Amino acid sequence: MIRLVPEPNPPRYRALWVTLGAILVAFVIAGTVFSAYGVSPLGAYRAMLEGTLFDPKGLQEVFRRTIPLLLIGVGLTLAFRTQFFNIGAEGQVLLGAVFAAGVALFVPLPAALTLPVMFVAGALGGAFWCLIAAGLKSRLGVNEILTTLMLNYVAQYMVIYLINGPWKGKDARGYIYSDQFAAPARIPVIPGTDVHWPTLLLGILLALALQFLLARTTFGYAMRVVGENPGAARYAGISTARVVLLVALLTGGAAGLAGVGEVAGIHHRLIEPLQLSSGYGFTAVIVAWLARGNPALVLLTAPLMGTILAGGDLLKVSLNMPLRVVDVFSGVMLMCLIASEVFVRNRVRWGR
Amino acid sequence: MSQPLLELRHITKRFPGVVANDRVSLEVYPGEVLALLGENGAGKSTLISILYGLYRPDEGEILLEGQPVRIASPVHALRLGIGLVPQHPLLVNRHTVAENLALGIGGSLFPAQRIAPLIERLAHTYGLEVDPKAPVYGLSPGEKQRVEIVRALLRGVKVLVLDEPTSVLTPQEAQSLFRVMRELRSAGKSLIFISHKLEEVLAISNRCTVLRQGKVVGSLPTAEASKPTLAEMMVGRSVSFERKRSEPRLGEVLLEVENLRARSSRGLSALRGVSFQLRAGEVLGIAGVAGNGQSELVEVLAGLRRAEGGRVVLEGKPIAANPASLFESGVAHIPEDRIRMGTVPTMTVAENLALREFHKPPLAKGFLRDLAACEREAWAKVQEYAVATPSVHTPARLLSGGNIQKVILARELSHRAKLILAVHPTYGLDIGATEQVHKVLLGKTYEGAGVLLVSEDLEELLSLSDRIAVLHHGELKGPFRVSQTSREEIGLLMMGGDPGRPKQDAQH
Numbered sequence: 001m002i003r004l005v006p007e008p009n010p011p012r013y014r015a016l017w018v019t020l021g022a023i024l025v026a027f028v029i030a031g032t033v034f035s036a037y038g039v040s041p042l043g044a045y046r047a048m049l050e051g052t053l054f055d056p057k058g059l060q061e062v063f064r065r066t067i068p069l070l071l072i073g074v075g076l077t078l079a080f081r082t083q084f085f086n087i088g089a090e091g092q093v094l095l096g097a098v099f100a101a102g103v104a105l106f107v108p109l110p111a112a113l114t115l116p117v118m119f120v121a122g123a124l125g126g127a128f129w130c131l132i133a134a135g136l137k138s139r140l141g142v143n144e145i146l147t148t149l150m151l152n153y154v155a156q157y158m159v160i161y162l163i164n165g166p167w168k169g170k171d172a173r174g175y176i177y178s179d180q181f182a183a184p185a186r187i188p189v190i191p192g193t194d195v196h197w198p199t200l201l202l203g204i205l206l207a208l209a210l211q212f213l214l215a216r217t218t219f220g221y222a223m224r225v226v227g228e229n230p231g232a233a234r235y236a237g238i239s240t241a242r243v244v245l246l247v248a249l250l251t252g253g254a255a256g257l258a259g260v261g262e263v264a265g266i267h268h269r270l271i272e273p274l275q276l277s278s279g280y281g282f283t284a285v286i287v288a289w290l291a292r293g294n295p296a297l298v299l300l301t302a303p304l305m306g307t308i309l310a311g312g313d314l315l316k317v318s319l320n321m322p323l324r325v326v327d328v329f330s331g332v333m334l335m336c337l338i339a340s341e342v343f344v345r346n347r348v349r350w351g352r
Numbered sequence: 353m354s355q356p357l358l359e360l361r362h363i364t365k366r367f368p369g370v371v372a373n374d375r376v377s378l379e380v381y382p383g384e385v386l387a388l389l390g391e392n393g394a395g396k397s398t399l400i401s402i403l404y405g406l407y408r409p410d411e412g413e414i415l416l417e418g419q420p421v422r423i424a425s426p427v428h429a430l431r432l433g434i435g436l437v438p439q440h441p442l443l444v445n446r447h448t449v450a451e452n453l454a455l456g457i458g459g460s461l462f463p464a465q466r467i468a469p470l471i472e473r474l475a476h477t478y479g480l481e482v483d484p485k486a487p488v489y490g491l492s493p494g495e496k497q498r499v500e501i502v503r504a505l506l507r508g509v510k511v512l513v514l515d516e517p518t519s520v521l522t523p524q525e526a527q528s529l530f531r532v533m534r535e536l537r538s539a540g541k542s543l544i545f546i547s548h549k550l551e552e553v554l555a556i557s558n559r560c561t562v563l564r565q566g567k568v569v570g571s572l573p574t575a576e577a578s579k580p581t582l583a584e585m586m587v588g589r590s591v592s593f594e595r596k597r598s599e600p601r602l603g604e605v606l607l608e609v610e611n612l613r614a615r616s617s618r619g620l621s622a623l624r625g626v627s628f629q630l631r632a633g634e635v636l637g638i639a640g641v642a643g644n645g646q647s648e649l650v651e652v653l654a655g656l657r658r659a660e661g662g663r664v665v666l667e668g669k670p671i672a673a674n675p676a677s678l679f680e681s682g683v684a685h686i687p688e689d690r691i692r693m694g695t696v697p698t699m700t701v702a703e704n705l706a707l708r709e710f711h712k713p714p715l716a717k718g719f720l721r722d723l724a725a726c727e728r729e730a731w732a733k734v735q736e737y738a739v740a741t742p743s744v745h746t747p748a749r750l751l752s753g754g755n756i757q758k759v760i761l762a763r764e765l766s767h768r769a770k771l772i773l774a775v776h777p778t779y780g781l782d783i784g785a786t787e788q789v790h791k792v793l794l795g796k797t798y799e800g801a802g803v804l805l806v807s808e809d810l811e812e813l814l815s816l817s818d819r820i821a822v823l824h825h826g827e828l829k830g831p832f833r834v835s836q837t838s839r840e841e842i843g844l845l846m847m848g849g850d851p852g853r854p855k856q857d858a859q860h
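Which chain is which? The protein sequence lines are A and B, in order.
First residue of the first sequence: 1, per the working numbering; consecutive thereafter.
First residue of the second sequence: 353, per the working numbering; consecutive thereafter.
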């Protein structure tokens, strides 16, 4: 019989080993799905690896997916640490894209100012969307998991309305998208690729800045108290409502920045919501979970999930697997990670 | 002597890093009450868990009526005739008493109906007043405990283990529990009574077995035991039972509460016009059964709850309803719940010590925390209050209850505290840690602080307070000078009785 014995003081690296173990188990489970589909799992994984990390074109795809995952994931890590379960990054990405597109399409600005203003507007858009949920939570005690999730759909239909109605492009005809952005409203890319490096840089800086915020500032301390023991926060007079609002501002803002990166770095126009974000807001939940509350660790976990996403896309094309294979992959991964949590705090004992 | 009903032989149970029970042997005879004494961590709970089938011993054997048994689970223990009355009743609040008791033994159709007559018969036999149709949420702690006893008796237990049964009871309720225990004893049941209240052990038990650090340090007939001998066996050194309070040095009126009204979190009227004064250097004890407004009173004074009416004046100024600014003006709060309120268990000792002043110099410079200063201050406090911790970077949850309480005291009292709100400050602490907490609190009063001591432990209140008031249904009776009241009178007031005393000593 297997028994779980609580471990009051788990060794420091235990979480790391457990996480790696969970990822491995996820690969094994996903592998059985592959073989049930008639594809050799080892072959599939080799194809994924070779086609992503060891191929210039593939590497570019990895980066393209890493950038939004990094930005969103960093914000979500902070939110989860404060027990603010933001499941609405998807919608916040869209709002960021809408605000940035609004600036790009309709606000006449000097060329040098266009991009900075777009980033600020996008961050505000994402933050605004998240603040709706945060406000409802701290004022009326509405569960933020529900509100953030539902606001995703509102955001999707808002984008569809805009590009189908008032913002519909002149050359769009039967399709729905906005006009193309002018050159100053496009984020520069590494030549020959579509890696919009300023957004990447922003993500890296944000990860380091938020890690610093959490560990070294009084606000970070207050956030941790609120997240780890709301009762103690109340007792010490730390305003939970204020902390939650500020965290919402940061997590929503980070997701908004990711939205700016997508419209201004890759698509250069506001397009259909499902093509624009394609589930980054949800995949970033896994990225944040893997980082276990440390924004700086997102610098490792975002590329990992980016590689898996890019590899999954590759499987669709090269091995002719169904579109949803990537979702299966990330779903299995998240399940394994959540289930592995119990092994961080307990030891497994065999026998009586 | 007859054959023991239950016998433990050389029971050893190890956990990583500790031997919780080290070759523990004891026996219980039919028709006796065996008191099992020991400080926290002495191994009482482990031993009970072994008896009730929650743990299996690593070594040793258990004999029931002379036959060796292996107790596999609580269900098995009950089938063997060993029952446990847990410290905190495990009942379904929304169900009636009969429905609760039918769990696991009633038939599948209308289980509660068939069991009700059984309950009444048992209750009658042993003098346990229990109404089978009463919903559990309306019961007092004492009544819930009786339900747990009935539950064990319904299963026909021969050995009944009572785990600190009096910790939630008023003195009067404890007396009625003792009557039931005597009935059970004369019916030939064996009772194991766990407690660290020595008076009760002396009053009810036939024999005492004392555990210390997992070992049996002695077993003796209660007739040969006394408070000092038992305490010495438990702690390993002699303990004083004198009243600890020397003459107070009273100053000006520090806190003035007038006609205070407040509602509980459920919106019920919790304080109905409470008035009292507390002077600098004084200890004012607040007695009462839990849930009579004590929490609300403390929360209002600590800035955690808004008053609905009345006046609270601290040093001549009305108080602000904000815990941070109240702490700033000298209100220290030692909360009832150390784990959920007093500390952040996942954070380190140093971080917990910084909880009140993390945002101010010297612990912070602007927005930045000064980690070196935090560590320095933490070490100083750990040393001053003798907190036993491997390091200031150890998570607070790894500390024992006594040491967590010392962390809270160190944090709350090192900032010039004027008014100390101490709620159950020694609940669950062992004798050694309790003594230290009392010393610190009394020490602060000699420096001019006023202490509002809320406790359910009458011994503690009588030994520390200068005056005692009783909260009952949100109304304050008293305060009375300790020298002019008695344990019985306070107990009666806690039950809502009226001892018929005309003089109210509100002022000194």
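Simulated from the structure, these hints should not be mistaken for laboratory data.
Don't take each hint at face value.
Restraint ranges, calculated between C-beta atoms of paired labels, are given here [as the list claims (entries may be wrong)]: (1) A:Phe27 - B:Gly570: 54 to 64 Å; (2) A:Val107 - B:Val665: 28 to 38 Å; (3) B:Tyr489 - A:Arg12: 51 to 61 Å; (4) B:Lys485 - A:Leu140: 31 to 41 Å; (5) A:Pro198 - B:Pro713: 49 to 59 Å.
Over the 12 Å line for every Cβ pair with chain B, so calculated as not near, a few chain A residues [to be verified]: (6) Val5; (7) Thr217; (8) Val226; (9) Ile238; (10) Ser239; (11) Arg324; (12) Val325.
Only a predicted model underlies this, so the values are computations on that prediction, with no experimental measurement involved.
The C-beta atom is built at its ideal place from N, Cα and C for all residues, glycine as well.
Looking only at beta-carbon atoms, does the pair Val107 (chain A), Val665 (chain B) fall within the given range of 28 to 38 Å?
Violated: the Cβ-Cβ distance is about 58 Å, outside 28 to 38 Å.
Starting from the hint 51 to 61 Å, judge whether the C-beta atoms of Tyr489 (chain B) and Arg12 (chain A) obey it.
Roughly 45 Å apart at Cβ, these two residues miss the hinted range, so it is violated.
Should the hint that Lys485 (chain B) and Leu140 (chain A) are 31 to 41 Å apart at their CB atoms be regarded as holding?
Holds, since Lys485 (chain B) and Leu140 (chain A) (Cβ atoms, about 39 Å apart) stay within the stated range.
Would you say the C-beta atoms of Pro198 (chain A) and Pro713 (chain B) sit inside 49 to 59 Å of each other?
About 38 Å separates the Cβ atoms of Pro198 (chain A) and Pro713 (chain B), which means 49 to 59 Å is violated.
Would the least Cβ to Cβ distance between Val226 (chain A) and chain B come out above 12 Å?
violated (10 Å)
Given as non-interface: Thr217 (chain A), partner chain B, CB spacing beyond 12 Å
Contrary to the label, Thr217 (chain A) does not stay out of reach of chain B, its closest Cβ about 5 Å off (not over 12 Å).
Is the nearest Cβ of chain B still more than 12 Å from the Cβ of Ser239 (chain A)?
Per Cβ check, Ser239 (chain A) is inside 12 Å of chain B; nearest 9 Å; violated.
Distal placement of Val325 (chain A) relative to chain B, Cβ over 12 Å:
holds (38 Å)
Evaluate the condition: distance from the CB of Arg324 (chain A) to the nearest CB of chain B exceeds 12 Å.
Nearest chain B Cβ is 38 Å from Arg324 (chain A), so the label holds.
Given as non-interface: Val5 (chain A), partner chain B, CB spacing beyond 12 Å:
violated (8 Å)
Regarding Phe27 (chain A) and Gly570 (chain B), is the given constraint of 54 to 64 Å on their beta-carbon distance met?
holds (60 Å)
Test the statement that Ile238 (chain A) is away from the interface with chain B: the closest C-beta pair must be farther apart than 12 Å.
Non-interface label on Ile238 (chain A) violated, nearest chain B Cβ at 8 Å vs cutoff 12 Å.
The structure does not agree with the numbered hints 2, 3, 5, 6, 7, 8, 9, 10 stated previously, though it agrees with the rest.
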